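Enquirer: Let's have the full structure, built from the sequences with the hints guiding it.
Take a look at the letters that make up each chain.
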Amino acid sequence: DQQVKQNSPSLSVQEGRISILNCDYTNSMFDYFLWYKKYPAEGPTFLISISSIKDKNEDGRFTVFLNKSAKHLSLHIVPSQPGDSAVYFCAARPLTGNQFYFGTGTSLTVIP
Amino acid sequence: DTGVSQNPRHKITKRGQNVTFRCDPISEHNRLYWYRQTLGQGPEFLTYFQNEAQLEKSRLLSDRFSAERPKGSFSTLEIQRTEQGDSAMYLCASSLVGYAYNEQFFGPGTRLTVL
Chain A
6 DQQVKQNSPS LSVQEGRISI LNCDYTNSMF DYFLWYKKYP AEGPTFLISI SSIKDKNEDG
66 RFTVFLNKSA KHLSLHIVPS QPGDSAVYFC AARPLTGNQF YFGTGTSLTV IP
Chain B
396 DTGVSQNPRH KITKRGQNVT FRCDPISEHN RLYWYRQTLG QGPEFLTYFQ NEAQLEKSRL
456 LSDRFSAERP KGSFSTLEIQ RTEQGDSAMY LCASSLVGYA YNEQFFGPGT RLTVL
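In order, the protein sequence lines correspond to chains A and B. Sequential numbering from 6 applies to the first sequence in my numbering. Sequential numbering from 396 applies to the second sequence in my numbering.
Treat each hint with caution, since some may be false.
Below, simulated DSBU-like cross-link-like pairs (lysine-lysine); rule was C-alpha separation at most 30 Å, straight line [to be verified]:
#, chain 1, residue 1, chain 2, residue 2
1, B, 452, A, 42
2, B, 406, A, 76
3, A, 42, A, 59
4, B, 409, A, 10
5, B, 406, A, 42
Some chain A residues close to chain B (C-beta under 8 Å, calculated; not the full set) [stated by the list, open to error]:
#, residue
6, 44
7, 47
8, 48
9, 49
10, 70
11, 94
12, 99
13, 103
14, 104
15, 105
16, 108
17, 109
18, 110
19, 112
Think of the hints as simulated: they come from the structure by calculation, not from any bench. Since the structure is predicted, the reported quantities are computational estimates derived from the model, not experimental observations. Note that the Cβ used here is the ideal one computed from N, Cα and C, for glycine as well.
Expert: Below you can see the structure in the form of structure tokens.
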């Protein structure tokens, strides 16, 4: 029962271009969404988050968009840099409860 | 080092043995989470503590698994009678209630291999 889905296991992008990572969810009770980045042999690192009361949150090169009606969020990285190469996980938390649900991850490769 | 630390980083054991992992959260964080991650999957929630109280457990946490956080600081996760299916990365995360919607900070994980 995968409530958070990342349907693209991998993505390759040229340096300087935009990277778009997508995430879909099924639970309409989710009210808070996060993106984590993970390098090999390290734990996930928090990147950016968005509350369900917003549809966009921006932090430097990273922007997260939330489309509640479509139950879809995306992470845009502009411009992409080789150091962005990592596995990206989206996660969601319901309005009640403190359990976070993670997607299966998308491996991003930024080609110099 | 002010991050979340986990020990050991790697553990190889034989089926049927017991193993225990330790997590030291960020010192002022009052919430501590345990996750399991298998190959090709995202982290799966196991349990979490607020201070020393274990408030929620996933159905993934069978009766062979037990977690403690005796003084509201470090936590241990014990797996009894390990099975090959327990082979995974076990991640610990901590957060501060009331801050930034509970943003979680993860440790590097303990990789368990059951032979």
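Enquirer: Does each hint hold? Answer for all of them.
Expert: Going down the list of hints, with the structure as the test:
1. B:452 x A:42: It holds: about 25 Å lies between the C-alpha atoms, which stays within 30 Å.
2. B:406 x A:76: violated, 39 Å
3. A:42 x A:59: holds, 22 Å
4. B:409 x A:10: violated, 34 Å
5. B:406 x A:42: holds, 24 Å
6. 44: violated, 10 Å
7. 47: With a minimum Cβ separation of about 6 Å from chain B (threshold 8 Å), the hint on residue 47 (chain A) holds.
8. 48: holds, 3 Å
9. 49: Since chain B brings a Cβ to about 5 Å from residue 49 (chain A), closer than 8 Å, the hint holds.
10. 70: violated, 18 Å
11. 94: At 5 Å from the nearest chain B Cβ, residue 94 (chain A) passes the 8 Å test, so the hint holds.
12. 99: violated, 12 Å
13. 103: holds, 6 Å
14. 104: holds, 5 Å
15. 105: holds, 6 Å
16. 108: For residue 108 (chain A), the interface hint holds, since the closest Cβ of chain B sits about 5 Å away, which is under 8 Å.
17. 109: holds, 5 Å
18. 110: Holds - the Cβ of residue 110 (chain A) comes within 8 Å of chain B, reaching about 6 Å at its closest.
19. 112: Since the shortest Cβ distance to chain B is 10 Å, the answer is violated.
Checked against the numbered hints above, the structure violates hints 2, 4, 6, 10, 12, 19; every other hint is satisfied.
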